[in-house]
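Q: Single-letter residue listing:
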Amino acid sequence: MSAPVKSVSASAGNGPAPGATRAVHTVAKLIDTSTCIGCKACEVACQEWNDQPFTIGAFEGTYQTLPDLAPNFWNLIKFREREENGNLAWLMAKYQCMHCVDPGCLRACPAPGAIVQYGNGIVDFNSENCIGCGYCMTGCPFDVPKLDQKTKKVHKCTLCSDRVSVGLEPACIKACPTNCLSFGTREDLLAKADARVAALQADGRKGAGIYNPSGVGGTHVVYILAHAGYPENYGLPRDPTIPWTVALWKGPLKWIGNMVLLGGILGTFFHYVRYGPRRYKDVSE
Amino acid sequence: MASLAATFGRGAMTNGWTDVANADVVLVMGGNPAENHPVGFRFVMEAKRTRHAKLVTVDPRFNRTAAVSDLYVPIRAGSDIAFLGGLIHYALSEGLYQREYVQLHTNASFLVREGYGFEEGLFSGWSEEKKAYDKSSWGYELDGAGFAKVDPALEHPRCVFQIMKKHYSRYTPEAVAGICGCSAEEFRKAAAIICSTGKPDRQGTVLYALGWTQHSHSVQLIHAAAMLQLLLGNIGMPGGGINAQRGHSNIQGATDMGAWNFLPGYLRMPRAHQQSLADYLKETTPKPLRPNAMNYWANTPKFMVSLLKAYYGERATKENGFGYHYLPKLPESEDYSWGYIFDRMLGGQVEGLISFGMNPVANGPNTSKMLAALSKLKWLIVAECFETETAAFWKARELAEKYYPGARGSTAIQTEVFLLPAACFAEKDGAFVNSSRWVQWKHAALDPPGEARRDQEIIARLLLKIRELYQKEGGAAPEPLLSMAWNWQNPFSPALTEVSREINGRRTTGQQVAGFGELADDGSTACGNWLYSGSFTEAGNMMARRGQEDPTGLGLYPNWSWNWPANRRVMYNRASADAAGKPWDPSRPLLRWNGKAWIGDVPDYKVDAAPETFGAFIMLPEGVAKLYAADFVEGPLSEHYEPVESPVENALHPKVGSNPLAKIFHSDLDRIGSSKDYPYVCTTYRLTEHFHYWTKHLAPSSELQPHFFVELPEALAQEKGIRSGDWVRVRSARGMVEGRAMVTRRMRGLQVGGKTIYQIGLPIHWGFIGRVTGPLVNNLSPSVVDPNSGTPEYKGFLVNIEKV
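Chains A and B are the protein sequences, given in the same order.
Read in order, the letters of the first sequence are residues 1 to 285 in the working numbering.
Read in order, the letters of the second sequence are residues 1 to 804 in the working numbering.
For the record, the hints were derived by calculation from the structure and aren't laboratory data.
Be aware that one or more of the hints could be misleading.
Quick look at which bits of chain B chain A covers, simulated, 3 or more residues with Cβ under 8 Å [claimed, not checked]:
1) 39 to 52
2) 688 to 701
3) 706 to 712
4) 743 to 752
The following label-pair restraints were derived from C-beta to C-beta distances [unchecked claim]:
5) A715(B) to I56(A): 27 to 35 Å
6) E84(A) to A579(B): 46 to 54 Å
7) R82(A) to T285(B): 56 to 64 Å
8) P449(B) to P53(A): 20 to 28 Å
9) R467(B) to P53(A): 48 to 56 Å
10) K676(B) to G57(A): 33 to 41 Å
For every residue, glycine included, the Cβ atom is placed at its ideal position computed from N, Cα and C.
Bound conformation, chain A alone:
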């Protein structure tokens, strides 16, 4: 992918990386759950585009394909039955990486270059740099990245960064038959989401709203929920935040690490100045 990089795991700071000066639009995916019919076209498109194997899961007593995302299954529609005041709702919502503006996975990752956030907002994993430590899984408040126990690599949705980089929409968007999914600049889609929410409210769905949680700085996957007050009914966390351990360690306490590192370097320097280079006895002597 040739897109400009915004931040890279385990690299200095979280500011724009050198060379990332070209202004790019940030992209987003909008999921209008009020028009999702649970057809799973997005699931198949994701599997096929990403060359994932098709496997047979166990019977779980639901229409849902798998209980959760898997290392080789990155896009899952969750089906939930909810009943309130005698009114039954069968909620369907597509679940995948949220591509956070402030990605907990990236913050947590200790492997240089294993997780990259591009200037367009896509958070992508580079398997060749992944060390399989699983810290990104701890760092993700959405429980998205999954560790492949065989290869010891973590995988998740790439927002089809390969397709997006050549001007195509992600595979799931392309496959969606009801226009429940749309793709574009984040700005446009947030405006579109506002308009749709207003329309739903005018239609009597007073609880309609947008899910774009601020605890992770907003997301590049934005939902329209008919019952926005109850995101957990759709399988979405109410107030997702980066776990305090990760936030603390990679945030305020980061200076401790840096101080330790700096102390080591300074110590080495002064040691050199004071004692000079270490001399080895020539064993041949």
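Starting from the structure of chain A, add chain B where the hints point.
A: Chain B only, in chain A's frame:
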């Protein structure tokens, strides 16, 4: 299809998928488009997004369509006519019907003969002895010229409108609730939304599919819906109509090209007593019943003679009745539809079967009967891209003895089976005809693998081989086959473009005709299907067009592929305008009379005929649509009859429970169960993730829904001690299936006839062969069929359930 043809003149979706986006109200009943037509369903979503349309779903299950609906009403499988009758009553009693439309465009004003009556579930003319009706009392009262008498004021006690009003007065909301199992309150809510479209500026569409066609009273059911839409003034309107969603990608095309009782283009199959072309044409060409009826079927001789010219070419001459004598004739009053074929096969009357694109073991009712019937054959040819249950029927006992204990073992079966590897859809060109009647040309994506052959090659080689044998060895009646014109460039595998050109029709001089208006009855034209005339003209292959222009803004896309008939996008569009030719709804002008011509869609009318010249329904002898239709065998008005296997007696007339003319077969394997042994109502259906019995051979679909399951309501599960995931056994009088229980709130107990009725849902997609396997649910369903259409009753039969 039989119902829509009788009511409006043509058996197909009246409007089209893209037009659904124009609707204000969408009623989904007897279908589940979100799951089974997800791509077409986008237009429902568009109507909701752009017009704030209301979506109402009425179904035994809270399905994926219900999940995005504004209102869901549960209903007992098989009680739909009661619900629709209730809507008719509601529209009439609340004054919500569109009176001017009804007066102008329906037969509401027609007088029915004295002697017509309806009592205790039976119409006049019933003979208990013959178990049939003498329909003579159902006809119209005619004047001296043979035209029906009318009362435009709709006040005569014997006019259709008054008869109808009286007939449906029994269908009160409370009566509906007592039969269907929803509450009267739920019914009223639905009725208020649906009947809000009985105004010129509001349109409602009805989407249905196999949930309506698979009953022993299916044709009457669909007629009831058509009546409702006519009363509300929704036929011919953009965003209106009654829209049949076909169950397979090309089933509309298959119907258009003929069936056992129809030749291509819905020309009737000759009967034994119609020995000459003149006899045939005399009986099948209708006479007008009103002075202003265009009665387009008066052109039957042109269509029939052109068809015979296409079949027999130079051997079809005026002198020999254009080869009419070569056509097979159906025996009098015998039925050769699905159920009858297999019943005869079981009785040893069928020697061989050729099965293309069809898997009767899986999709026929009563699997054990299917297996037993096939084992009586001498030979069976199956052309398929997978080994289907039908091709492997002789292995059923070995592969799944548990389900088919009565099936013969492979060593006891003498049937010789030929499985011919056939190309799949992506390996063929040709046209698909979708529910909207769009005849869309497609290209082959790749060549068939290995030894697989395209259908036309398999058929052609069979034909040529059989001809050769006839020529060498002679035989009974060789003329029909030997006389057939077979002048393709490659006779062993005719190109489908060549075949399409013949279907379109041409003059004997060689020029393609531009439309069916050019067909003649003197032998100067040959046409394979008059309905498709215009699809491949001198201008080229119209089906391959992909123009996206939308000049009306109503989503008609006139340059996208080709639409039968005559590239008309919305059928009966003349009815979208009033007596003066002005659109009822000026905000959605589909067609209007500008003083000289009709402007908009291709008019379903003579383009330069003034508005008052003809009735709006040009195919019918009445010239108007039929609220009252004497065409059906069990009555001119739809009446609620219970399914043949029902848990309750008929609340409207206990003495006549189910359709008195429903066809029930009586072989040893055709058992009918009672509610004492089988207290639960069962319905069968498809899931989004699969297509029929086909995709269980494919990896993606198998991953998405790998396991057969049994959906049942929580309360019933509790009663039986069943938890989600438990193995359960479902039995009917015919057979048994086992699967994992899916306990859900999406199905609930219904209060019917003073007791709680539970329903059980079974998806159909598994079988004993494939990447994923399971029981065939038709092991449970009865071989009971609708007497008009021959469609089996796959919805609403009785079962029992237990934990394994």
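Q: Could you run down the list of hints and mark each one as holding or not?
A: Here is how each hint holds up against the structure:
1. 39 to 52: holds (count 8)
2. 688 to 701: holds (count 4)
3. 706 to 712: It holds, with 3 qualifying residues against the three required.
4. 743 to 752: holds (count 4)
5. A715(B) to I56(A): 27 to 35 Å: 32 Å Cβ-Cβ, so the 27 to 35 Å window holds.
6. E84(A) to A579(B): 46 to 54 Å: 50 Å, holds
7. R82(A) to T285(B): 56 to 64 Å: 60 Å, holds
8. P449(B) to P53(A): 20 to 28 Å: 22 Å, holds
9. R467(B) to P53(A): 48 to 56 Å: 50 Å, holds
10. K676(B) to G57(A): 33 to 41 Å: With Cβ atoms ~40 Å apart, the hint holds.
Every hint, counting from the list given before, is met by this structure.
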